[in-house]
Structure formats: C-alpha cells, structure tokens
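Participant: Residue numbers (the working numbering), protein chains in the order written: chain A, 20 to 382; chain B, 3 to 311.
Simulated from the structure, these hints should not be mistaken for lab results.
No false leads were slipped in.
Subject to a maximum C-alpha distance of 20 Å in a straight line, what follows is the list of computed DMTMM-like cross-link-like pairs (lysine to aspartate or glutamate): (1) B/Lys263 to A/Asp230; (2) A/Lys349 to B/Asp265; (3) B/Lys120 to A/Glu251; (4) A/Lys232 to B/Asp265; (5) B/Lys263 to A/Glu206; (6) A/Lys265 to B/Asp118; (7) A/Lys378 to B/Asp265; (8) A/Lys232 to A/Glu251; (9) A/Lys175 to A/Asp234.
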Amino acid sequence: MKKLTLFSVLVLSALIAFSGCGKKDKTTIDGKEVVMGFIYVGPIGDGGWTYAHEQGRKAVEKETGIRTIFKETVPEGAEVKDVIRSMIDQGATIIAATSFGYMDYVAEIAKEFPAIKFLHCSGYKMGENLSTYFGRIEQPRYLSGIVAGMKTKTNKIGYVAAFEIPEVVRGINAFTLGVRSVNPKAEVHVRWTHTWYDPAKEKEAAKALLDEKCDVIAQHQDTAGPQQAAEERGMFSVGYNSDMAKMAPKAYMTAPVWNWGPYYVGEVKKVLAGTWKASDYWGGMKDDIVQLAPITANAPDGAEAKVNDIKKKILDGTFDVFAGPIKDQKGTVKVPAGSALADKDQLSCDWFVEGVVGKTKGK
Amino acid sequence: MDISFFAAAVVAGTPLLYAILGELITEKSGQLNLGVEGMMLMGAVIGFKMAIITGNPYLALLGAMAAGGFGAIIYAVLTVTFRANQVVSGLTLTIFGTGFASFMGQGLMGEIVPPDMKLFFADFKIPFLGDIPILGQIFFNQGILVYSGYLLTIIAGLYIYRTQIGLNLRAVGENTAAADAAGIHVSLYKYVHVIIGGVLCGLAGAYLSLVYIPSWQENVTAGRGWIAVALVIFCKWNPYRVMMGAFLFGGLDIIGFRIQKFDIHISQYIIDLLPYIVTIVILILVSVRKSHSGSAPASLGVSYFREER
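Chain B on its own, in the form it takes in the complex (with noise of 0.2 Å):
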C-alpha cells in the first residue's frame, strides 16, 4: 500500500464528503431527507449539460447546484409546508431524480467534458503544504473541487457550532416548538437548510460526471447517496468528521484494486462487499452505545405542528 492508494481514496472520498455535508446539514435542521442520491444525479446531469452547452465551469457547477437545489425544494414543499411524511418525500425524490437524470442525458451519451473545462478541474500542487512530505501528497495535490471540500466542511464545522444562526438551526432540529417559542422562524430555517443541503449534493454529482469520470453515464451515483445517509450516523452529525468519513469510505471502495496484485485468499467479491459490511458494523455500534454528544437531532424526522406544541 503506497502514498498513491490515499490520493486516490481522498478522490474516491470526494463525491461522498459534498453528499455527506449536504445531508448532515440538512438533518440538523430537523429534516431527513432520502433524496441524496436523486439530488446527486440532478446535479451530474445539468452540471454535465452546462458544461457542454458553455463550456464555462463556473456556468457548470451553478447549475448543478441549481439542479440539486431545485430538488431540494420540491422536498422542502413537500414535508415543511405540506408535512408530509419526511421518509417518503425523500424515497421519492430519488425516483424522480433518476429519472429526470436519464431523461435529461438523453443524447449526451458518448460526450466528453471539453479540454480546457479539464484544466480548470485538474490536480495542482498548493504552495508549502504541498510540499509536506506524504501528507502533502495525499491531500495537498489535488484539483479544485477536493480543496473546496475541505474548506466547506471547516467552515460548515465553524457555522454550526460557533455562529448565532449555527445555534438557532441546532435548537430547530434538537427541540422545534422550544426554537418557535424562542422566536426563531422554524419553516424558514427547514427550508434554507433543506436547500443548502441539496445544493451540496447537486456539487457532489457534479464531481463525479465533471471531474471523476469525465463523461456523461446513466446512474454515474450508483448507490453513492446511499452511503452518504449511512455516512451522516458514522460522523455522529458533526461536520468536523466528515473528511474521515468520507475518506475512510472513499478508501474502502478502490481498496480491492490494491491488493488484488497481493497473493491474499480472500475472496474477491468479499472486498468488494467491504463498504456495506462495514456501514451495516458502524450503524449496529452507534445504536448500541447512545453517547449524548453523538446522537441525532431529537427532532429529526418529525414533522413540526405549531398547534400541538
């Protein structure tokens, strides 16, 4: 195992710290949303559309995030205003996403993102901390979009825990009627958050078809979204241990490239197994010991009625 199976596991991990980010936000605001996956695919296709149609990345990723936006309020309609159940709305926002997503790339089969679109994405080295030795390597090295994860996730970590608005959105997700009575504007919080949260994924699709892959492919999120919401129970709902989430995961799942080139007696098809075994381990462990610090909002998932409070 060398320098270059972590560089390659923090790119691996990238889609996953944006979908992670975007979901844990959400859920702190009370809402639990299903739709990552959905939302991801929306972001990958319009933000691949962009690209093509412009060729401008900034164009590119505005309307990934858009896309991935748009999705979220359809679900922020949805269970704020309409209170529907919050399990459901996300279910089928995926359905609707993946759909849209085929819909959409009809015709971009075969496309490839354009050269200089390429460069404005590829890996280059920052200043000093690149130069850190392994370190520098593994985190230092990278393109655009990694680097803006890692920023994301500290200045989500600071937003959260260190702002007034951090608080308020803390006190909508863990005690909703108390945040109201306090006179905090619960639906509007739910529904900022809920709409951050999908502009995250809709960057997080975007990495894979713009930057990962480069090309447009049906479902190019394959079950990702998925681990994501396993992912935000595994970082407990703090923003500082996404990366490690993230990365862990990103590692897990181009480990068994590695090692097939090592003469080990293990099946094949167990690797590829490793990242579901190891969610399935991580969600059975944090149920079983309840720490206070790392449980999720008390309010999640609960639709909030002002009358009954």
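Just chain A, with the same shape it has in the complex (with noise of 0.2 Å):
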C-alpha cells in the first residue's frame, strides 16, 4: 500500500513537473510570457455581446496554455486608457478591447506601446500593431430568418432593433431576405429602442409588435427582453448573440451567435509563432466566428433541413447573402441580378429591402 502511494506521488509530481515545463515552452516569446488582457463593456454574465466574448477568452486559456486577464464594465471612454495601461503594468502583451467605442483611444495608446499588440472589434482604426477585427453575423441571420419566415402565420415578423447603424440595418436586411426566401408575403416590422440594453424598454417595444399581430419577434439588442415578451404571448422568437434558450424555453427558436474563439485562439497562436502582423479580419460562418445556435423544437418542421441546406451553400461559398436582384422598400432595384453587395456598401448601408416595414431614419 504505502509502496503504492509513493508510486502515485511520483507520478503526480512528474506530471505535473512535465506539464508546468511544457506550459512555460509554449507561452513564451523570447524569454517573455505572453498574456492577453481583454476588456469588456458589459458584465460577463450579460447573456450577450460580452458573454460571447469571454467564451472566447475561456477558449485561448484553454487551447494556448497562456495567462489572460479581463476587466468588466468599462465605459466608452477615456478611461479605458487607464484600463489598459494598467493591464500592460500587469504584464499583458496582447490586448483585445472589445466594443466599437474604445476605438479612438485605443489607436492612441497603441502609438505609446509600439510593443503591446492591440486588436480592436468592429471598428475601422489600424496602425503597425492594432488589429480591427469583426464577424459576417449576417449571414447565421439570413439563416434565422429562414426559421422565421417558415413560422409566421400572420406573416408579420416583428424586429426590436437599437440603433438606426449600419451594422444593425444591413443585419435587418439580411434577415428579411432570409423570411421572403421562403415565405415572399411576410413582412418586417422594425421598431427602435435607442438602447443596446434596458430590458423594460425592449420588452415594450416586443409587445407593441405582438399587440400589431407579430408572431415571431427577432431582435438586434443585448438583453433578452424581446424573448420573454414572446414567451409571455405564447408566441416564438429569435435571440441574438448567445443562446437565449434558458430565458424563453417556450418561444425561443434559435440565434444568430457569435463564436470568437477560433479568431482570439488564431491570434495567440500567430504571436507565440512570430508571424503576427495588424490586420482587418472580416470573417464568416467558415471560419466559424458566427453561427447559428442549435434549432429548438419550437421551430417548424423542415426548418432545420431547408437551413441546413443554405448554410451548406454559404460553407462552400456558392452563396452570397446579398447576391442579387435585390430592391428596397420602394421597389427599385439596388443590386441587379448577377452581382452582390460590395463590402464597402455594406458597411454602409442605409437602406431597407423590399419587405421591411419601418424606416432607417430618426424621423
């Protein structure tokens, strides 16, 4: 017995000597440690935008061995610089700031710390070491708006949106796109909150749509008060960002989500190699940044091998989500059959397709 247990402590030892060894080869570059520090606009139990995102930071923990730090809630503005110089004080080289309005200042200190690596999402800042980086979400949205236009039986579909931007108009577009591929009568009906995130606010704006005969509300906001305003009606929904199946198991079909764990992992990995360059990553459900969260029994039949079938499409890169003929709301065509949207119009789009109710402007 006590022969055994010296055994297995000899074991332990050398596993855990082994591994420590193995850790420190790995997450070091040039004698120093690696750490990637991430700040986060919102808490991590947000459900949402920022819940996503440290999944990703969960995942580089995980598949690179390196240390990482995070700080949560931190305002749009000049006191991130705080934020940051204090995590490079704690020894953080890789610095991930993850929400649009950080990006001034982020470019400003990324020309103090020429050594510190910076990778910014979705803005349109770069310089020698920051990155700009951010997903096709509109793609998994095209999907859910499949889902959702083979539910709808008053072929209303209501959408609570926040921002009249283009990131959540071309999001609308290609939801709606998604509803008329399947079902060409349906229509969007959009209502703005002005809020990324007040549960009440958006939860109201969901009645009113199912007070006008919506039977699926979608939503382009970080709480999940549009889900439970359909789950209170018994009718269905679409979430955003993360599985929202817990907060409305009832209603809840499926969600556009973001995945940012293969693109943070990708990185750590280009640093630990030495081949990191700054650079503008847009990617899409093929490099698995964003999918579509797993299809409820909520949904109808047929739903999940007819999307399927598109996501096949959009892998292989067959299909384009803004491929043409597309018209806008008055009917004119904005893109002629045989092309697509252009990158550069997509990022700023502001118009609506044909088959959304509502308007891209404040008046």
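Grab the two chains, each in its own frame, and use the hints to assemble them into the complex.
Facilitator: Here it is as structure tokens:
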C-alpha cells in the first residue's frame, strides 16, 4: 500500500513538472511571457455580447495555455486608457478591446506602446500594432430569417432594433431576405428602441409588435427582454448574441451567435509563432466566428433541413446573402441580378430591402 | 391606439406608482428623500436574490421591502436623529443604493425568475370587474402587484385624510413645532413614515426585477426613481392623484413604440424625450400657479430643532 502511494505521488509530481515545463515553452516568446488582456463593455454574465467574448477568452486559456486577464463594464470613454495601462503593468502583451466605442482611445495608446499588440472589435482604425476584427453575423441572421419566415402564420414578423446604424440595418436586411426566401408574403416590422441594453424598454417594443399581430419576434439588442415578451404571449422568437433558450424555453427557436474563440486562439498562436501582423479581419460562418445556435423544437418542421441546405452553400462559398437581385422598399433595384452588395456598401448600408416595414432614419 | 396600449401603460406605470406613493408618504412627514432611485435598486436586487434562493414569492417581496426599508433607516438616522441636510443625504442614499445593487447583483446576471413564481405574478382577470368593456380590459386583467398598487393608493388616501394618525402626520409635515407642542411624537412619526416610504420604493424595484423584466440587470430602474420624485409634485401631494400620474407617465414612456408604425413626421428622439419634457412643463406650471390646496407640506426639507421653536 505504502509503495503504491509513493508510486502515485511520484507519477503525479512528474506529470505536474512535465506539464509545467510544457506550458512554459509554449507560452513565452523570446523569454517573455505572453499574457492577453480583455476589455469588456458589459458584465460577463450579460448572456449576450460580453458573455460571447468571455467564451473566447476561455478558449484562449484552454487551447494555448497562456495567462489571460480581463476587466468588465469598462465605459466607452477615456477611462479605457487607464485600464489598458494597468493591464500592461500586469504584464499583458496582447490586448483585445471588445467594443466599438474604445476605438479612438485604443488607437491613441497603441502608438504609445509599440511593443504591445492591440485587437479592436468592430471598428475601422488600424495601425502597425493595431488590428481590427469583426464577423459576418449577417450570414446566420439570414438563416434565422428562414426559420422565422417558415414559422409565421400572420406573415408579420417583429424586429426590435437598437440604433439606425449600418450594422443594424444590414442585419435587418439579411434577416428579411432570409424570411422572404421562404415566404415572399411575409413582412418584417421594425421598432427602434435607441438603447442596446434596457430590458424593460426592449420588452415594451416587442409587446407593441405582438399587439400588432406579429407572431415571431427577432432582435438586435443585448438583453432577452424581447424573448420574454414572446414567451409571455405564447408566440415565438429568434434571439441574438448567444443561445437564449434558457430565457424563453417555449418561445425561443434559434439565434445568430458569436463564436470569438477561433479568432482569438488564431491570433495568439500567430503571436507565439512570431508571425503576427496587424490585420483587418471580417470572418464569416466558414471561419466559425459566427454561427447559428442549435434550432429548438419550437421551430417549424422542415426548417432545419432548409437551413442546413443554405448553410452548406454559405460554407462552400457558393451562396452570398447579399446576392442580387435586391430591391429596396420602393421597389427600385439596388443590386442587379448577377452581382452582390460589395463589402464597402454593406458597411455603409442605410436603406431597407423590400419587405421591411419601418424607416432607417429617426424621423 | 388601442386598448392593449392602455393596458401596457398601466404595467409600465406600476413601478412608478409604488415609488411615487412611497415618496409622497415620506414627504407628508416633512422629509424630502431623494434616495428613491437607490432604495428601488436595493429592493430590486434583494427581491431578486431572495426569489432565486428561496423560490418563494412572499419571501422575495418581503426581502425587497426590508431592503428598501433599510435604505430608508439610514436616511432617517442621518436626517431625523442627526439632522443632516436632507438633499445631500438623499443623494448619497441613491449613490449607495446603486453601488449596493451592482455589488449584490454580481453572479445574478443571466438568472431568471423561477417559472412557478412567474405564475404567481401572472395576469388574471378579476371576476365581474374584469368583464366591464374597455375599463375591465385595461385595469382588471393585470397581475397581483398591479391590483395591490390600486389598493395601496386607496388605503394611503384614507390613512392620510380620514384617520387621526394621518391628521397628525400632516401636522408634522406642515408645522412641526405646532405638532410637537400638541404632544405628537415628531421623531417617531418621521421615522415610521420615512421607513414606510422606503418599503414602498423597495416594492417598486421588486416589481421591475421580479415581474416586469423577470431577470437581473444592473441599473434596472434606469432613472424611474427620479421621475417618481418629480411626479409627487405633479400629483400635488394627493395620494388619489398618484394613479393618474403613474399611468400617464407609464404611457408616455412606451408611446414611442406604438406610434412608430404610423407615418408621423416627428423625430423618434423627440418622442423619447416626452416624459422629461412633460415633467419640466408640469414643474413650471405647479410653481407658477401656487394654489393653496396643492402645495408642498410647509416644513418639507426643513430639519426640526426643538430648541429653536
């Protein structure tokens, strides 16, 4: 017995020593430890935007073994510069700033610390040591539109949306194109809330849409307020950001979701290999950075097959969500057949496609 | 505009109703407590935490009321016993309550109210009253906390205007020295009514976190506590007007979503501003025409020193 104990202790310590060594070799570059810092705009438990980035951070720790640090609920103001400095003091060599509003401050501080590598999400400023990255959430949004289009009986789908900016307008267009690909009679009714994060207001907007006979609710918001409105009325919903099944088990059908892990892990690996260069990344479903959450039993029969069919074409590159012909709300052809909406036009999109009921301007 | 809008306005106005009623009772005792927002947040977080831990709606509501009352006790000790500046103490209470709620709320993110508790708070029709056309659909097809809000308003009205204690309370708020001379225990009256006010503000917060949203979110009140303070003036310190003020402002808060479907050429941002614009206009109107019946308790905001009488 004693021998067995001694033996296991030896084996265990050997394992620990071995794994320790292995870790050390992998997580340093030129003898300096690589540490990644994450700056979040919300709390990691928001079940939405920040939660999705937090999953990416966990993937980095698990797959590359490097040390990571993070700070929650950092306002989109000059304070972010102090947070970055404090992270650098704590040894961070890579910093991911995960909200649009950090952009100017990150760009400023990146010049001050040329040896630190910066990643900024959803912006457009770049530098020697500053990358920008985002995902084509429009692809899974189109797929979620297919599910909604097949589900609706009233042919009215409600869409609770935050602000009249290209990112949101583009998402509504992709969703509507998905809806109309299976149900040309359906309309998507948009309601603006002018907030990213106010569950009471988001829920009220969804209730207004439900009162207008919408029977499926989709959202470009960061809380599950609209999902709960659909649940209470016995109607159906499409979420956003992350799997919201827990929030509305009887209503929720699916959601376009973020999967930041592959991007973060890829960047860290490049840093460790010494091949990292600032880049402009806009990945899609084939890069696995955006996904469609598992389709639940609330979805209509046949939706999964239809979605998988299109998904396959998106993955092998034979299907473009914004391929023509696309008409705007007035019926004018905006994208002729045989071409597709260019990236730069997607980034400045300020018009709705045919089938959307709502206005892209706040007046 | 249809009936469903008015029913939704009642729901949106209910957290305001509790908060206005709480602040009104507090102010009747001559204490101006600006900590409504803070006490609401304290009630919201403790109510939600109790809901998750115990799964019992009564304990959840009790916890929310205790938390709101606790905030009010801090304020009462500062302003009644130590006669600190009421405005500053109230503002401090709001800051404290906001921090308290984010601290206690850590780890509650993403949690939702248990389903059987949702059933407890769910809408149900009141027999007979609920069958009245239009009015029944608007007012009597609601949840338990909406109904208790109606009841509390009426009880508060009877209490303040029809009981001896209510008369004493008004005396304390109007002329503290005279009330003291008449043998009314001024400090006790102030303490009790400040705490009742806090308890009601705690309930207002619990309504948001347990019924309205039913999940936890930081800063769930989003400024509703401040609107409640202004609405006490709108209601002219008359509890019977509280319902009108609360539901009117509940309606203004959500009207934007209902008129977006019409082709109206008003900026959506102006509509978002409506509740605030109306608040300012009402504050001006009230101060311009100073009718005797609708003015603030005369000793409101003034600390009482017996020696100076």
